Each structure stands twice: as C-alpha cells, then as structure tokens.
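Asker: Protein chains in written order, with the working numbering: chain W, 1 to 568; chain C, 1001 to 1568.
Derived from the structure by calculation, the hints contain no laboratory data.
Certain hints may be false.
[Claimed, not checked] Some chain C residues close to chain W (C-beta under 8 Å, calculated; not the full set):
1. T1079
2. T1082
3. R1265
4. A1272
5. S1285
6. E1331
7. G1333
8. G1386
9. D1446
10. R1450
11. H1517
12. H1535
Treat the numbers as computed from the prediction; the structure is a model and nothing was measured.
Quick reminder that beta carbons are idealized off the backbone N, C-alpha and C, glycines included.
There are 2 protein chains.
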Amino acid sequence: MKTEPQPPWIHAAPPPGSWRSLFKWGAPGEFKHPNPRLFRLMKRAFAMGDEDFRAPSRTGEAPVDLALPCRLGSGDLATLRTLLGEGGVATDTFTRIAAASGKTMLDLLRLREGLAEHLPDAVLYPRNRHEVARIVELCARRGIAVTARGGGSSVTRGLECPRGGVSLDLARHMHKVVAFSEADQTVTVEAGMYGPELEKLLNAAPELFGASRPFTCGHFPQSFEFSTVGGWAVTRGAGQNSTYYGKIEDLVLAQECVTPAGVLRTGVHPAAATGPDLDQLLLGSEGVLGVVTEITLRIFRHLPGNRLRFGYMFPDWPRACRAAREILQGEAGFPSVFRLSDPEETDVALKLYGVDGPAADALLGLRGLRPGKRCLLLGSSDGERGYARNVRRNVARVARRHGALPITGLVTRAWEHGRFRDPYLREDLQDFGILTDTLECSVTWDSLERVHREVRAFCKARPGTLCMTHMSHGYPQGANLYFIFITRMDAKADYLAYQAGILDAIRAQGAALSHHHGIGRMTAPWIEGQLGPAHMDLLRALKRHCDPGGIMNPGGTLGLDLPEDQRR
Amino acid sequence: MKTEPQPPWIHAAPPPGSWRSLFKWGAPGEFKHPNPRLFRLMKRAFAMGDEDFRAPSRTGEAPVDLALPCRLGSGDLATLRTLLGEGGVATDTFTRIAAASGKTMLDLLRLREGLAEHLPDAVLYPRNRHEVARIVELCARRGIAVTARGGGSSVTRGLECPRGGVSLDLARHMHKVVAFSEADQTVTVEAGMYGPELEKLLNAAPELFGASRPFTCGHFPQSFEFSTVGGWAVTRGAGQNSTYYGKIEDLVLAQECVTPAGVLRTGVHPAAATGPDLDQLLLGSEGVLGVVTEITLRIFRHLPGNRLRFGYMFPDWPRACRAAREILQGEAGFPSVFRLSDPEETDVALKLYGVDGPAADALLGLRGLRPGKRCLLLGSSDGERGYARNVRRNVARVARRHGALPITGLVTRAWEHGRFRDPYLREDLQDFGILTDTLECSVTWDSLERVHREVRAFCKARPGTLCMTHMSHGYPQGANLYFIFITRMDAKADYLAYQAGILDAIRAQGAALSHHHGIGRMTAPWIEGQLGPAHMDLLRALKRHCDPGGIMNPGGTLGLDLPEDQRR
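Next comes chain W alone, as it looks inside the complex:
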C-alpha cells in the first residue's frame, strides 16, 4: 500500500493546565495515531477528503482559565485541613474539574467545549482508611456529598459531583499492600492501587514477600494502566482474560467499606452458608453505599510460559457464535482471552493488520471466507500446562467442526501487543470531528444474535457509521457484546440522542445494560426499566440504611435518586 500524506495528528503532550490535559487518554506523552489504512478507511466510510484533515479543531490546548467558587464553608475546610494536612485538600478549579472528569465521551465533548459541570467543591487526598472514615463521618454530619475516585477512567459518568461536596482521590496515597498470603493465595490492598502496580508486586512476590513463586492478579481491563482495584470492584469490571480468571466479582474475596452508617467488613472465607453474601452487594455499588477502602483479592500462579494462543476465521457469524457457545459449554476448561469479532469488525481488523486486498480476499474466499461474512476468533489459554493445552485442543476441535480456518496465534500476539493502546486513538479522531465510542451489554446465548442484529441495525441506520462488534467474555450461559461505533459527529446533542437509541435497542432486546462498564449516571435512566421497581426499591432501601442522608455519590448514580421524569 503506498502511503498518502497523513493528517497532522497531534503528537505532543498536552500543555499542563490545558483542557486537553484533562481529556487526553492515558500518559501525556503516549500516542497511538490511526495508521494509514485506518485513515483511508475513515475517509471512504465518512466521505471525507484530505481537506477535512488539514487542521485539527477544538483541540483544547488552551489553559483552563475558569475560577469557580468553592462552596464549602471555611469551617469545614479547616476541619478537613486539620485532618488531612494542608496538602490533603485542594480547592483550585483545575483540580476540581479533573476530579469530576472521567473518560466518558460526554466528558470529552464537554471539555473540548471548555465546559465545566458538576465539580466537587474540594478534592481530598486521604492517606488511609481511618481518614476516609473520619471524612465520611464529618460529611454525613454536615450533609456534604462524598464521591470516591480511583483512576478516573469511568466511561459512565461515574465521577461527576452534581451536588458538589468532596471528591476523594484514593489513588494518590491509598495504594499500599495490607496483607499477602501465599498459603491462601490472596492479597489485600488499599482500593487506590493501580493495576500495573498490583501486577508488578504480585509478579515479584518471591522478592517482595518471600513467596515461593510469582503470582498474577488475572485482571486486565482495557483501562488496566489507568484504573484501580477499587474502581474495578465498585463497577463490577471485567478484564480481557476474565473468561478464565473471572470477573472482578469472582476475584474479590473480602472488602472493607466505610459507610455513613458504619464500617462494613466482609469475611475472607472462600465460601460460606452464613446468610446473604454482602460482598456481592458492595461489588457494583458504584460509591452509593460507601467508600470501599480495602479489598482482598484471589490471586493466581503466574505461568506466562504456559500461555497458548490461537486464531480462527469462521465463514459466518451464526456459525462462529455456535462454535463459541460449544467451546464454552464443552467442560474442557475455559480460554483466557476469547474474542470473537463480527463480520464488520473482522474486515476492519484485517485492514488494520494489513491482511486485506484482492489477494488475501481471494485466498480466504477459496475457503468460503468472504468479506462481510467471515468472523475472526482470537484468544489464548492459561493455567497449568496440561490444562492450557486441553483448552486449546478443544477450541481447535470445535472450530474445525464449525468450518473455521486456523490462522495461528500470531493475530493474538498482535492484538496483545496493542491491547492497551486503542483508547489513544480517540483524541486523534475527535481532533478531526470523528467520534468513536463503545457500548456493551450482556446476553444469553439464545438472544445473542437478535441483540447483535437489532443494536447494529440502529447503529448502521445512521449513514456513514462504522459499527464493529465483538464478544470478549464468554460463559456457558451467554456472553457479552461490545459495540464500537465510529462516525462523523461532534455535537453533544447528536451524540446523546444516538447513544440513547443504542441503549433503547439494548434494553428492548432484553440484554443487561452493562457487562463490565457499570451504570454510573450515563446508563442510569435505563436501569429501572431493566431491573424493575421491586429490585430498585430494594437497592434504595439498602441505600437509605447505609447512607440515610443521601450523601454518597449522589445525583443519579445507578438510578437510585433519579427523578421519575428522567427514567426512560
């Protein structure tokens, strides 16, 4: 492919203090620019010409020069400063906007417009759970809203503070190891620990804890580098290897949660018949019951040498889905990464990996693998050597039986290599008026193809829209569906209407509104319609018990305090 001139992608860290520094994904000096193939694809898909890519716009490089008043009383501020030290309380506008911003597309659109909404009045940096407890106590007494924040990678408007108050930054100080047990294969950490730090210390367990072997956390969400253990837990997150290791609700063994009604601490037993399981109440509670301060995780032996990769191309989506189901129901063990792309995503992926063009199409076509039909399955197996082998053998057997062509594990290696980098693309695209966002849901096998068809039908009804879908987490009873759309769009209202249409379609088909992003404020208007009023009333009763003053992450999260006229 001959390379055409590429757009002037911004390749400079955002100026400190700028709007861009608030919305840019990841590390300031890291980038992933669309490659020439993606660039060409976008021009064709969105009917854009080189002239549309002359100059980036609304790049947010200007400094944030707002000065929004802090509405906390000076008495409260003084109390907080006494408790946390001078450096433990920030009230400057920039810090407060940063605290209220996640990586929700709405955040990006607002920040590019220079719009600051729903700020906390102060950002607090507690050093330990005792300080969190004293903050919550004070705020409960004074009716001050409390929002906890981990890595800030929420894509569900989970971090906004529509009632002001304080935003607790748990990531600055609260990232210590509390306990490590090789015998029990558990680690207890403070909630603000980032993914890479956790994984690094588990990998180094022999040196750090005198363990006889290295361990792994097994949890690698797309946001891994910029999200915390606490964030994983309260949103019920999943990682890219969850089909083997389990979602975070399978990994969390015990928690401590500071609520206005007191400190809840759950037991560390691997299973028990001592009444309802409160861990599963805190998991997914998204800060509305209290602040989760400590988490005990199940950990796993780190056996990277045993990993086996695989890749298959299926002739069509129905056959690929049947094979996926068969693999996950076959009782042969579970793959670790297990990612099946629908035809549109497959064709885009082939383009991005440079495996498209007439020659490749002809070759694949000989095997009945045609563009617009064929589906890519990539993945890997982990665990003990014999286990990993058996899983891969079963995948191979089932894939062959469903007409798939083995294409080696190289494609999985390529995907692994770039797997944390895709979110960096969003800034480049948006600099030129192109918006990419994702929505995901959870489905039973029985409904999978229908949900895929109907949600996709809505997405594609918008002219000039790429809509790529994959299943990235599978179970014997169903899977998730992850929709990625890319379209030319920059108006907030346009975006919100489109997103609402997708969520309407997801709910109308009976899928669960989220498999691992959580609900936050973004999906909240739809939640009562899915869960039903009896379920929601029970959650509200729980909320009233833990947080009688309604101060914990208030303003719509999980739909608990959403006015009726805002429910869809």
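Assemble chain C onto chain W, guided by the hints.
Answerer: Same frame as chain W, but now just chain C:
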C-alpha cells in the same frame, strides 16, 4: 472377621402416625444398619457391652396422640381454603408437627421424647407462585407468620414455627419445570422440586425436551434424595461434587422471590455490571425475606463416561492438607469429588471398609502410613475427557510429591455407592443411646490446621467420643471442615451444651460458622459474633424493607430477630 451377635436394629417402616415416622431419615422402608465392624468399634469406643444393645429404647413407635389447637381465626382459614381448595389447608396436629420438624438432632431428641414445639397453626399446599403471592399478601395483611418448607431435611432448625402461623409445603405441588433451554444450558424449575426428579429429567433431556444430549444439575448434597432446589438455594447448600460444579450460589442464575413488599425477579444474564447482585442476597436468605418460588439453574452436560476416580493414602494430616491445597491451587482444573479424611476418620473408614487389621497395618506401615497418622484422600474428576484426565494426572503428581500411596479409585466407588445412605445410621444408634451429629465450617488454608486442632480438642475432651473430620469441598483460598462426632449421649441439655462448645470453638478460631448447612435457628446465636453488628444491621434493614411486618420465617432464623440475651 468372625461375626458376633448383632443388636436388634429396627428394620421395619415406622408405624404411620408415629413419632418415629416423623424423625426417621429418608424413605420409611429404607435402612442402613451399622455393620459388625462399626458395632464392635462403638462398643470399644464407648465402653459398652452386648447388654447395652439388648433392646432399643425411646424408639418413638407410639402414635402421636396430641391434639394441639390451631390458633388461626376461622375467617383466615376460610379465606385460605377458598384460595387453595379444601385439600390445600391442613390443621391436624400430626401434619403440623411434621411441618415443623426437620432433621436437626434437636428435632430427633424432641420427637423421641414426644415433645412437639413451635408448630405452625396450618400447613398450606400452594399449587403455584400466584397462590404463594396471595398467601403472603394475606398473611402480611393479617400479621400471620409464614415459613416455607421444601424437603424438610434442615439440620439447623430452619423449619420451626415459633410464632405459629402457616408453613408452606412447596414440595407437594410446586415441582414443575418452567423452562428449559439447551442453548443457554439452563433450566427453570419451581422451588419445590426434589433433587432426584430434577436430575432425572435433565438426564432425559433428549426425550423430554428434544435436546441433543443429556444434562446434569451437578448438585448432589448428602440430602439429595430428600431436599428441594428451593431448599438448596435459600441455605446456600453444597453438593458432593461442588468442587467442580460449584456451590448452589454458583449454580443459581436467577430467582423469583415473593416478599410482603412485592415480587423480586432477578435477571438471567450470565454476568452483568448493573449494580449489586440481588441473587446473592436471596441465596442464603433462609426464608426471612420472602418465599423463593422459581429458580433458574445453570446445568451441565452429563458425561458420566468421562468420570475418573482416584484414591491416595497420605502419611499425615499436614502433608495431606498441603497436597490438597497444591491440587486446588495448581490451575490444572478442579476435581469433582474431593474428600480428604483426617487420621481418625481414615482409621474408622478403613475399619468400615474392612481394610484394617495387623496385615493391612503392617503393609501400610511399610510405606510409613501408620494408624492415627495416615489420611485418606478420595475423589473423582468430571468434565470433558481431556479435562478429567488432566485433573487426575495433576492429583497423582501432587499426591506422589507429598508422599502419598495410590490406592486406586475403588475406594471412591465404594464411597459413591453408599454416599446417600449414612444418615440412615442415626436412628439405629439413637435407639441405643448413641448420638451422632455433624457440624461444619469454612476455613482459609492458613487457618485450617488450627481450626481442626482446636475444634477436635474440644470434641475429644469428652471421654468416649469419636470425632472424625474431613474436608469435602476445596477452593484455591481454603476449604470446608466437616466434623462428625459419635458419643453416648441422650439428654437434650447435654447435647446442646456440647454443640455450643463446638460452635464456640469454631467461631473462636475465625472459621465461618457454616459452609453449607446454613444457620437457621441453631447457629443463630453465634452469627452476629462472626459477621459483626454492621453486617447484621444491614441484613436487618433488608429484612425490614422486604418484610416490614416481620412475618417471614420469624423467631431467630439467621439471628435477625434474636433478642440480645440469646446472642453468644
């Protein structure tokens, strides 16, 4: 071994209407008598002679000739009869005593004494969930206590009705299949379905549902034949194969629960990030929130031909425990049955299987496997063929590395053969003043040996007591411990004091009070001490929301409405 004269074990179905018919385990015409070896062992252990086994006593063969008044008003009874039909309401004393009796040792002791306590005023036989809803509605309005009952095999005083009211027998009519999905590998059944019926219909899925293969429920508690799906769920039960298939809380995908505050219905998605998981609140709720009427279970392919059995003898308990941990943490897949006996249980088992005596001891001794030290591990692996093989291979590798002698899978076969029959022994023993009961708990690996030592120390401090312990469910983070004691004892007070001592010891060592029996009223006095007041207050808030009038299974269950002076 030459056989001595055996005691006159009762080998006749209890007379209908007798006390014995209320407390006898299982089918009226089924028995398992102690074999001559166990008989000899008991005589030696309890210093009893043949003369102590001349005649059974307190056998309860007399008819129940009490007539205890029903305190329900005639208006309420008439309403219930209109709703359920004449046959849907029973008020005779015998039926009411039966409804209030489970298989808790205290029940057996009371019934042998002719003591009827805590009866419901009426037993109801609802035909479907709508009738349950109307019963709960009526009872909520009229302040009538409601206790739900499945198979009646509770060993935690879960079925008593200390506040009278109505006992709902769900097993008589509510055992229908609501839905079956081969695609999703799920079955939805009414809560009153017994284990064997469920398993039979899943095994016959091709004939009954036109499925392409047979399925299994994977859940086989000791009480399998006499317990219901609803009972499994509300007590958080485990089955003998749970190390592979999971406990009931892993198997239940969705539920319907009729509460005084309305009907809760949870979603059928295999995983979701839509807030707290209410299924895990209902699982273990033991009837205090509402009546669970329908349950959707994950089911599994039925592959009995793939089952592989194994048996090993370890030189001592610490090495056996280390091996068990290594097997479960090895990421090589999970065994299905996985049962490790401590030295005392091992020696008793060898006697019962006839593998004791000087010759066997000498042979085992040559391998360093001495009485009072050696530990028996038996088990099996299930799943796809390669998976089952890999699990067994891993067990073999680890066992060898920890000094175990392979003793083939024949011992597992023998155990499988008798596995549902041991509870029948209780009547024979009690007929001669010998009491056998079990208590179980959940432990982390780190605490396992300490809990075993301390609980055992308490049990053995009573002279002439056999105390056999095994681990029957294992996890990477820990296991359960199951204590079986046999001793000469027939006074209720003596029994209660002894049991309390065991529970004190379990709690003092930080173990969870139950791994799969549940709490009921029996363990309730200890529960707040384990879970802590914040946890209990949250459960009470939940209870108040679902059951504001406090009518659902009231009187101590789960410790929710236990007066402070009854908490240990």
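Asker: Taking the hints in turn, state whether each one holds.
Answerer: We went through each hint and held it up to the structure:
1. T1079: violated, 25 Å
2. T1082: Hint violated; T1082/C Cβ to chain W Cβ min 27 Å, cut 8 Å.
3. R1265: With a closest approach of 7 Å, the R1265/C hint holds.
4. A1272: Status holds, d = 4 Å.
5. S1285: holds, 6 Å
6. E1331: holds, 4 Å
7. G1333: holds, 5 Å
8. G1386: Result: holds, 4 Å to nearest chain W Cβ.
9. D1446: Check passed: Cβ of D1446/C comes within 5 Å of chain W, closer than 8 Å.
10. R1450: violated, 12 Å
11. H1517: Check passed: Cβ of H1517/C comes within 6 Å of chain W, closer than 8 Å.
12. H1535: holds, 6 Å
The structure fails hints 1, 2, 10 (numbered hints given earlier, in ascending order).
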